[in-house]
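Undergrad: Please model the entire structure based on the sequences and the hints provided.
Sequences listed follow chains A and B, in order.
Residues in the first sequence are numbered consecutively from 1, following our numbering.
Residues in the second sequence are numbered consecutively from 1, following our numbering.
If you're looking for bench data, these hints aren't it; they were derived computationally from the structure.
For glycine and all other residues, C-beta sits at the position ideal for the given N, C-alpha and C.
Worth double-checking, as some hints may not be accurate.
What the hints assert, rightly or not - Partial list, computed: chain A residues near chain B (C-beta under 8 Å):
| hint | residue |
| --- | --- |
| 1 | Ala69 |
| 2 | Phe71 |
| 3 | Gln73 |
| 4 | Asp75 |
| 5 | Pro90 |
| 6 | Asn97 |
| 7 | Ala102 |
| 8 | Ala104 |
| 9 | His108 |
| 10 | Ala112 |
| 11 | Ala116 |
| 12 | Gly118 |
| 13 | Arg122 |
| 14 | Val129 |
| 15 | Thr324 |
Each chain, letter by letter, is given below.
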Amino acid sequence: MTTATEARTVSPTDERDAASGSVELQQVMKRYGDAIAVDGLSLTIQPGEFISLLGPSGCGKTTTLRMIAGFEQPDAGDIRISGRSVLGAPPYRRDVNTVFQAYALFPHMTVAENVAYGLQQRRTPKAEVRQRASEALDLVQMRRFADRKPTQLSGGQQQRVALARALVNRPSVLLLDEPLGALDRQLREEMQLELKLLQSRLGITFVFVTHDQGEALSMSDRIAIMRDGRIEQLADADTIYARPTSAYVAAFVGQQNFFHGTAVEGGSAVESVHGLVRGIRSDRLAPIADGTSVQAAVRPEFVRIEADAAAGAPATGANRVQGTLLGVSHLGETMQYLVRLGDDQSLIARRPTPEAPDLAVSSAVSCSWSDASVQVFPSDDAAAAGGYVAPPTH
Amino acid sequence: MRSLRLPGFALAIPAWAWLVTFFVVPVGAVLYFSFGYKPGIFGTHATDVLSFDRYAEALSPTFFEVFMNTLWVGIAGTLLCLAIGLPVAYWMAVKAPANRRGLLIALVMVPYWTNFLVRTIGWQIILAPEGWMSQLLQTVGITDGPLEILYTRAAVLIGVVYNYLPLMILPLFVAFDRVGPALREASKDLGANRVGTFLRVTFPLARPGIIVGLLLVYIPLMGDYITATVLGGAQGNMVGQLVASQFQAAQNWALGSAMAVLLILVIMVSAAAIGLLLWLVSLPFRARNRVVLEASA
Chain A
1 MTTATEARTV SPTDERDAAS GSVELQQVMK RYGDAIAVDG LSLTIQPGEF
51 ISLLGPSGCG KTTTLRMIAG FEQPDAGDIR ISGRSVLGAP PYRRDVNTVF
101 QAYALFPHMT VAENVAYGLQ QRRTPKAEVR QRASEALDLV QMRRFADRKP
151 TQLSGGQQQR VALARALVNR PSVLLLDEPL GALDRQLREE MQLELKLLQS
201 RLGITFVFVT HDQGEALSMS DRIAIMRDGR IEQLADADTI YARPTSAYVA
251 AFVGQQNFFH GTAVEGGSAV ESVHGLVRGI RSDRLAPIAD GTSVQAAVRP
301 EFVRIEADAA AGAPATGANR VQGTLLGVSH LGETMQYLVR LGDDQSLIAR
351 RPTPEAPDLA VSSAVSCSWS DASVQVFPSD DAAAAGGYVA PPTH
Chain B
1 MRSLRLPGFA LAIPAWAWLV TFFVVPVGAV LYFSFGYKPG IFGTHATDVL
51 SFDRYAEALS PTFFEVFMNT LWVGIAGTLL CLAIGLPVAY WMAVKAPANR
101 RGLLIALVMV PYWTNFLVRT IGWQIILAPE GWMSQLLQTV GITDGPLEIL
151 YTRAAVLIGV VYNYLPLMIL PLFVAFDRVG PALREASKDL GANRVGTFLR
201 VTFPLARPGI IVGLLLVYIP LMGDYITATV LGGAQGNMVG QLVASQFQAA
251 QNWALGSAMA VLLILVIMVS AAAIGLLLWL VSLPFRARNR VVLEASA
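TA: The following block contains the structure:
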C-alpha cells in the first residue's frame, strides 16, 4: 500500500521514480485554538534534497514537520509526498520516517529489536528483517551494541540507533526533529558530518528541523528561515548568510551589528547618530523610500579595528566610527572585540587570530567597513532574534 | 564533633515495627491457633495439643464449595475489573484532554471515599426485586417479572466490581500515563497502527502497572466478606464470611484460623498460578518478536 512499493512496481530497476521523495506543502495552515502555528506555508522540496527548517522556538517548524509525518493534520492546504496527497493519512500509511528529538527508542526492546520494529510491522520475512537490521546498524556503526537496551547506551549511540531505526525502512523522506539537540558540541559536529555524508550516500530527502543556525548552514542544500508560521526566506546557505532579504534573517543567521536611523541616498544608506552607514543598494530587495525608519546591518567579520590615533576627534566619512574598547575575547580562529560607541550602542568586530591587532582594553579605537558589507533593511523590532543586536539609538 | 548518623535501614524501622506488630504477630498467632482446637462451649481456642485436625475439618464438602465459589468470584471479579478499568484508564491517560485528568481521577476516587458498607447497601437497594432498577426494567419491557438478582453470586460480582474498580483504574492510569505520547508516535511512524502500537509498545510498558492492579483487586477481593454478606445471601457465600462466623458466631478460633490460613494459601497459590499461566501464554509472542543478529562481520 505504501507509495514506495508502488514506485517499485512501476520501475523495478530504479527504486525511485522522479517524484518519489518530493514533498510539497501548499498553503498549509494549522491553528491551536486562537494561536496560528503555521500560517499558509508553501514549500516544495526536491527529491534527495537536504532542507532545513530554521527558526526560533514557536516559529512553526516542528508543527510543519509533524504535519508531514502525519502526527498533526493541517486545518487548510495540501501536503503531497512523492506527488500524492497525504491529507487524512495516518503516520503509519506514509512513506516517511522520523528521527525524534528525544530519540523515542522503545526501552523494553534491544537495539536490534528497535531497528527491526518497522520491518516487523510490514510483515517482512524474518531472514530479511535480520539482514536489513544488520545493514542498518552497520551503517551507523552500532552493530556490536545490537543486544543492548537503549538505557545502556550514551546519547550519541542512542542517536545512531534512532537513525538506523528510521533508515532501515528505506523511506522516501526522512524527517529529523532537532535530532542533535541533546548531544554535546563535539559529538554534534561529528554527527553533522556523518548525517550529511549519509544523506548524500543514500539519496533520501532529509527534512531537518533545527533552531541551531550552525547546523543548518553546515548541512543543508537549502534553508527555510521560518517566522510566525511562515517562511521568511528560502535559499541555500551562501545566499542566506550573504544576502538575507530581511533584518530578521540577517539577525537570525550569524551575528550582526545594527545601526538604526532614517533612510537617505535612495534607501541605500542610513543616517544614524553614529554617522552615515552606507551600503550598495541591491535590486533584489524592495525599494526603501528616503526618510523611513531603517536599520543597517554589518557583520562583525567585516569590521576592521585599529587604535585611534586622533582620539576624541569626530568620525569623518561614512562607515567609520570611533569608540572605546570594552573587551577582547579569544574565540579560537578569531578574536572578538566589543567596542562601545555611545550610551546605548556597541559594536562587535572580529578579526582572524593571526592578524588580530593587539589593543588595550579601555583604549580609544576606530572601526571601519566597506560599503559592500552593509545591508539596509526596513526597521523590524522582532529582528532581535538570534544574532547580536546593538540597542537602538533614540 | 562527630554527628550522630544512623544506618540507612533506620528509615525503614517504623515500617518494620508496624508490620511486625500488626501483621507478622497476628498472622503467626492465627497460624498457631489453626493447629489447636476449641476446648468447650465457652473456650475459643486451646493449643495444648497441636494437630492438623482443624484443616481436615475445614476441608469439608460445604467449605470446599464455598472456596470454589470464592475463587470464581475472585477471578471473574478481577477480570471484569480489568475489562472495565483498562479502557477507562487508557482513555483517561491517553485520549482525555490533559487539563481534565485531575477531575477524572477525582471522579474515580470520590465513591471510594464513601463508606464501603454504605455503598454496598446502596447496591442492595438498586438490585432489590422491588427496587427502581427492577421496576425500570419491567416498565421498559426488558424483563417480565421482578429482578431476581439480589442474594445471588451475580449480585456479589456486581458489588465487588463496583467496590474494587478504583483500585484497578488508578495503577493502570499511572502505567499508561508513564508510557507517554512519544513512544506511541514513534511506533505509528514506524508503520504500526493503533492495535499494533498498543500490543507491542503501550501494553508491554504498562505491564507492571497491570500486574499491580490485578493484585490490588484480587487479594482484598478474595478476603472480602462485607460485599458477600450484604448482597450474597446463601448462594453468594465467600470464605471471608465463614472465617468471620467461626470467630464471631461459633467462637471457634481454631477452625476459623485454619480456614484463614487456607484462604491465604489459596490466594498465594492461585495468584502465582495465574502469573505463571500469563507468562507461558506470552512466551510465543516474545519469541516471535525477538531479533538476534549474527556477530558482526
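Undergrad: Please go over all the hints and tell whether each is borne out by the structure.
TA: Each hint, compared with the structure:
1. Because the closest C-beta pair between alanine 69 (chain A) and chain B is about 6 Å apart, less than 8 Å, the hint holds.
2. Against a cut-off of 8 Å between C-beta atoms, the interface hint on phenylalanine 71 (chain A) holds, since the closest Cβ of chain B lies about 6 Å away.
3. For glutamine 73 (chain A), the suggested interface contact is broken, since its CB lies about 13 Å from the closest CB of chain B, more than 8 Å.
4. A least Cβ separation of about 19 Å between aspartate 75 (chain A) and chain B goes past the 8 Å threshold, and the interface hint is therefore violated.
5. A hinted interface residue such as proline 90 (chain A) counts as satisfied when its beta carbon comes closer than 8 Å to some beta carbon of chain B; here the least separation is about 7 Å, so the hint holds.
6. Taking 8 Å as the C-beta cut-off, the interface hint given for asparagine 97 (chain A) holds, the closest approach to chain B being about 6 Å.
7. For the restraint placing alanine 102 (chain A) at the interface with chain B, the shortest Cβ-Cβ distance is roughly 6 Å, inside the 8 Å limit, so the hint holds.
8. With its C-beta approaching chain B no nearer than about 4 Å, alanine 104 (chain A) sits inside the 8 Å limit, and its interface hint holds.
9. Restraint check, histidine 108 (chain A) versus chain B: the minimum CB separation of about 5 Å is within 8 Å; hint holds.
10. Hint on alanine 112 (chain A) holds. Least Cβ distance to chain B is approximately 4 Å, under the 8 Å limit.
11. Using the Cβ-Cβ criterion of 8 Å, the hint placing alanine 116 (chain A) at the interface with chain B is satisfied: the shortest such distance is roughly 4 Å.
12. Given the 8 Å rule on beta carbons, the hint for glycine 118 (chain A) holds: about 4 Å separates it from the nearest Cβ of chain B.
13. Given hint, arginine 122 (chain A) at the interface with chain B, holds; its Cβ is 6 Å from that chain's nearest Cβ, closer than 8 Å.
14. A cut of 8 Å between beta carbons decides the hint on valine 129 (chain A): the least distance to chain B is about 7 Å, and the hint holds.
15. This hint is violated: threonine 324 (chain A) has a C-beta 51 Å from the nearest C-beta of chain B, more than the 8 Å allowed.
In summary, the structure is inconsistent with hints 3, 4, 15 from the numbered list given earlier, while agreeing with the others.
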